[in-house]
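Asks: Sequences and hints are given; from them, build the entire structure.
Line order of the protein sequences matches chains W and U.
According to our numbering, the stretch in the first sequence is residues -15 to 296, in order.
According to our numbering, the stretch in the second sequence is residues -15 to 296, in order.
There's no promise every hint is true.
If several chains are the same, the list does not tell them apart, and a pair holds so long as it fits within one copy or across any two.
[Said to hold, decoys possible] The list that follows gives simulated cross-link-like pairs (lysine-lysine, DSSO-like), each with its CA atoms no further than 27 angstroms apart:
{"no.": "1", "residue 1": "LYS131", "residue 2": "LYS153"}
{"no.": "2", "residue 1": "LYS153", "residue 2": "LYS168"}
{"no.": "3", "residue 1": "LYS202", "residue 2": "LYS258"}
{"no.": "4", "residue 1": "LYS131", "residue 2": "LYS148"}
{"no.": "5", "residue 1": "LYS148", "residue 2": "LYS63"}
{"no.": "6", "residue 1": "LYS161", "residue 2": "LYS103"}
{"no.": "7", "residue 1": "LYS282", "residue 2": "LYS141"}
{"no.": "8", "residue 1": "LYS247", "residue 2": "LYS258"}
{"no.": "9", "residue 1": "LYS131", "residue 2": "LYS141"}
{"no.": "10", "residue 1": "LYS293", "residue 2": "LYS282"}
{"no.": "11", "residue 1": "LYS282", "residue 2": "LYS265"}
{"no.": "12", "residue 1": "LYS148", "residue 2": "LYS260"}
{"no.": "13", "residue 1": "LYS153", "residue 2": "LYS103"}
{"no.": "14", "residue 1": "LYS131", "residue 2": "LYS98"}
{"no.": "15", "residue 1": "LYS131", "residue 2": "LYS202"}
{"no.": "16", "residue 1": "LYS103", "residue 2": "LYS63"}
{"no.": "17", "residue 1": "LYS57", "residue 2": "LYS202"}
{"no.": "18", "residue 1": "LYS141", "residue 2": "LYS63"}
{"no.": "19", "residue 1": "LYS161", "residue 2": "LYS280"}
{"no.": "20", "residue 1": "LYS282", "residue 2": "LYS12"}
Calculated from the structure, these hints are not laboratory results.
The residues making up each chain are set out below.
2 protein chains.
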Amino acid sequence: MEVLKRKNLILVEWIRMDFNQQLYEYIKEVDMYLNEFLPNEQEIPDVIVEAMHYSVSAGGKRLRPILLIEAAKCIGADKNMVLPLASAIEMIHTYSLIHDDLPAMDNDDYRRGKLTNHKVFGEGMAILAGDALLNYSFEIMINNVPKDIDNLRNYVKAIQEIAKAAGIKGMIGGQVKDLECEGKTMDIDTLNYIHTHKTGALIRASLRAGAIAAGATKKELDALTIYGEKLGLAFQIVDDVLDIIGDEKKLGKPVGSDKNNQKITYPAIYGIEKSKEMVDKLLKEALQKIEPFGPKSKFLGELGIFICKRDH
Amino acid sequence: MEVLKRKNLILVEWIRMDFNQQLYEYIKEVDMYLNEFLPNEQEIPDVIVEAMHYSVSAGGKRLRPILLIEAAKCIGADKNMVLPLASAIEMIHTYSLIHDDLPAMDNDDYRRGKLTNHKVFGEGMAILAGDALLNYSFEIMINNVPKDIDNLRNYVKAIQEIAKAAGIKGMIGGQVKDLECEGKTMDIDTLNYIHTHKTGALIRASLRAGAIAAGATKKELDALTIYGEKLGLAFQIVDDVLDIIGDEKKLGKPVGSDKNNQKITYPAIYGIEKSKEMVDKLLKEALQKIEPFGPKSKFLGELGIFICKRDH
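Replies: Written out as structure tokens, the structure reads:
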């Protein structure tokens, strides 16, 4: 990885040879949790359960649940307590993709190399599948509150964090602005608003919710928050760069869509090289923030590098 | 009211001359709560806040929040504790109407005499406004949990009740079945499934959530649950009857849409007179259930009569 060739001890310390294998197994594990949490009861109309499973199992990288679990681990929490939160945040992410792909929004036919939800189940059912996943994410979170009173209070605060980040002050706010700006010239402030809200808010909330549920101190929470903010922005810039220079097969979607849609992006403003430099800087600053957690944050750091250096 | 002319002491006891005035003031009060809970901050893109307000203030009867508050009152709870739950359940109801009216669903241009959300704000924004209201309803509920531990535990159970009723095992399940059956011949079991889920579940949950948050005993909860179930079904039959014999001006929407859409309904199967008799029977059984609460359930009883005897 390019970043390792640079004279930067912090980064070198973080990497292990078997990270990719470990991440792959982690993703499989999260897939299993998601599958366990998703409904499959007979009493429910089959098609909606099928539509929900279809998009949730469409092969996401499970970054948000993994970030949430790892943030909780940094604080020393039992992983099992935060699994409902982790599964819920992935379902929220998935519902937002289903609705975002609709003809009335981005009108995308493919996502992660598979037909989008409405192309398979029809528009009406895709709207309901999105609604169902959003509602279900709250069902999961609220149905699995811890019994212990201190844990319960922290857990409720973690749900508050996720709910806010998913709503109009977070993800939906970003989507609204994105929709409003379609086909219009956008300034850098608006671009930043969309990035920090549409993608950034849920990534930031993953780290914060994991930390809050685990009972983090203010200092610990602040460190993980900044890690999440830097990583969220880097994630989006990488996305934009990949839309220009990425491999369609690896990405599972056509490249060049931002240019075709005349979307303003970081590489469009600053160029590809400058954008890559920004990602490296953000990554470095992010990793410094979680260094104090020591070995407990090793996987989180590696994941940060993975996010910034991914080719899909 | 026709029902009062019948020899039925239980019903006669419930009614007061000033009920309509009192209901009107109650609705205004709930409108005020809703307005207070809805966002209006500067930081949020204006259009989504406007779209949310547009549909929430479109003049609903506020039955669900009033049922929730009144159920809590039957148990003797402080009204203020359940206001977030009451406001949230109306927002959930409103989001479901916005999405239900979309071209990909029922494709309705008017609702309560006003243009539907997507006719004013566009399809994409209407999808987001619905998403925003659903998410916001959970934000309101989870941000206003009581501090006291016993109240907190009951309140969390009340959120569980609402979340389940709004989801695939409740309202969304009913919408899915409704969408699936569009243009198909429906049997009475399917009709019942749609009614008990699409409309019934949230009405039932209004009563249950209010009771649960207030710490109802099993017996109290059972009574209010049955009241909610009977009333929910009666509500839907009245809706179907009004679609045939109602006044378009009072209803704020065209009548005859069920017939035009070849929808199977209670009056279509049993005729109008038999359907009205069913409503009367359901109402009587419902009122008997809440009689043991005495004066505390007076308004709830009157509201039941209002729901069954309304002309809009």
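Asks: None of the hints should be skipped; say for each whether it holds.
Replies: How the hints compare with the structure:
For a Cα distance limit of 27 angstroms, the shortest separation of LYS131 from LYS153 across copies, 25 angstroms, qualifies, whereas the shortest one inside one copy, 30 angstroms, does not. For the homomeric pair LYS153 and LYS168, the shortest alpha-carbon distance inside one copy (22 angstroms) is at most 27 angstroms, but the shortest distance between copies (42 angstroms) is not. Taking the closest pair of Cα atoms, LYS202 and LYS258 never come within 27 angstroms of each other, the shortest separation being 34 angstroms inside a single copy and 65 angstroms across copies. In the homo-oligomer, the alpha carbons of LYS131 and LYS148 lie at most 27 angstroms apart both inside one protomer (24 angstroms) and across protomers (20 angstroms), since each shortest distance falls under that limit.
When the C-alpha separation of LYS148 and LYS63 is checked against a cutoff of 27 angstroms, the pair qualifies both within a copy, at 23 angstroms, and between copies, at 25 angstroms. In the homo-oligomer, the alpha carbons of LYS161 and LYS103 lie at most 27 angstroms apart both inside one protomer (25 angstroms) and across protomers (19 angstroms), since each shortest distance falls under that limit. In this assembly of identical chains, the alpha carbons of LYS282 and LYS141 lie at most 27 angstroms apart only when taken from the same copy (26 angstroms versus 38 angstroms across copies). Taking CA atoms no more than 27 angstroms apart as the test, LYS247 paired with LYS258 passes inside one copy only; the shortest distance there is 18 angstroms, against 60 angstroms between copies.
In this assembly of identical chains, the alpha carbons of LYS131 and LYS141 lie at most 27 angstroms apart whether taken from the same copy (15 angstroms) or from different copies (12 angstroms). When the C-alpha separation of LYS293 and LYS282 is checked against a cutoff of 27 angstroms, the pair qualifies only within one copy, where the shortest distance is 17 angstroms, while the shortest distance between copies is 66 angstroms. Taking the closest pair of Cα atoms, LYS282 and LYS265 come within 27 angstroms of each other only inside a single copy of the chain (19 angstroms); across copies the shortest separation is 67 angstroms, beyond that limit. Taking the shortest Cα distances, LYS148 and LYS260 never come within 27 angstroms of each other, neither inside one copy (30 angstroms) nor across copies (45 angstroms).
Taking the closest pair of Cα atoms, LYS153 and LYS103 come within 27 angstroms of each other only across two copies (25 angstroms); inside a single copy the shortest separation is 30 angstroms, beyond that limit. With identical chains, the CA atoms of LYS131 and LYS98 are never at most 27 angstroms apart, being 40 angstroms at best within one copy and 46 angstroms at best between copies. Proximity of LYS131 and LYS202 under a CA criterion of 27 angstroms is satisfied in both settings, with 24 angstroms inside one chain copy and 21 angstroms between copies. For the identical chains of this complex, LYS103 and LYS63 are neighbours neither inside a copy (36 angstroms) nor across copies (46 angstroms), given an alpha-carbon limit of 27 angstroms.
Taking identical chains as interchangeable, the C-alpha atoms of LYS57 and LYS202 lie at most 27 angstroms apart only when both belong to the same chain, with a minimum of 16 angstroms there against 40 angstroms between chains. Within a single copy, LYS141 and LYS63 get their C-alpha atoms as close as 17 angstroms, and across copies as close as 24 angstroms, so both meet the 27 angstroms cut-off. In this assembly of identical chains, LYS161 and LYS280 lie within 27 angstroms of each other by CA distance neither inside one copy nor across copies; the values are 37 angstroms within and 48 angstroms between. Within a single copy, LYS282 and LYS12 get their C-alpha atoms as close as 20 angstroms, which meets the 27 angstroms cut-off; across copies the closest is 56 angstroms, which misses it.
Against the hints set out earlier in the document, violations occur for numbers 3, 12, 14, 16 and 19.
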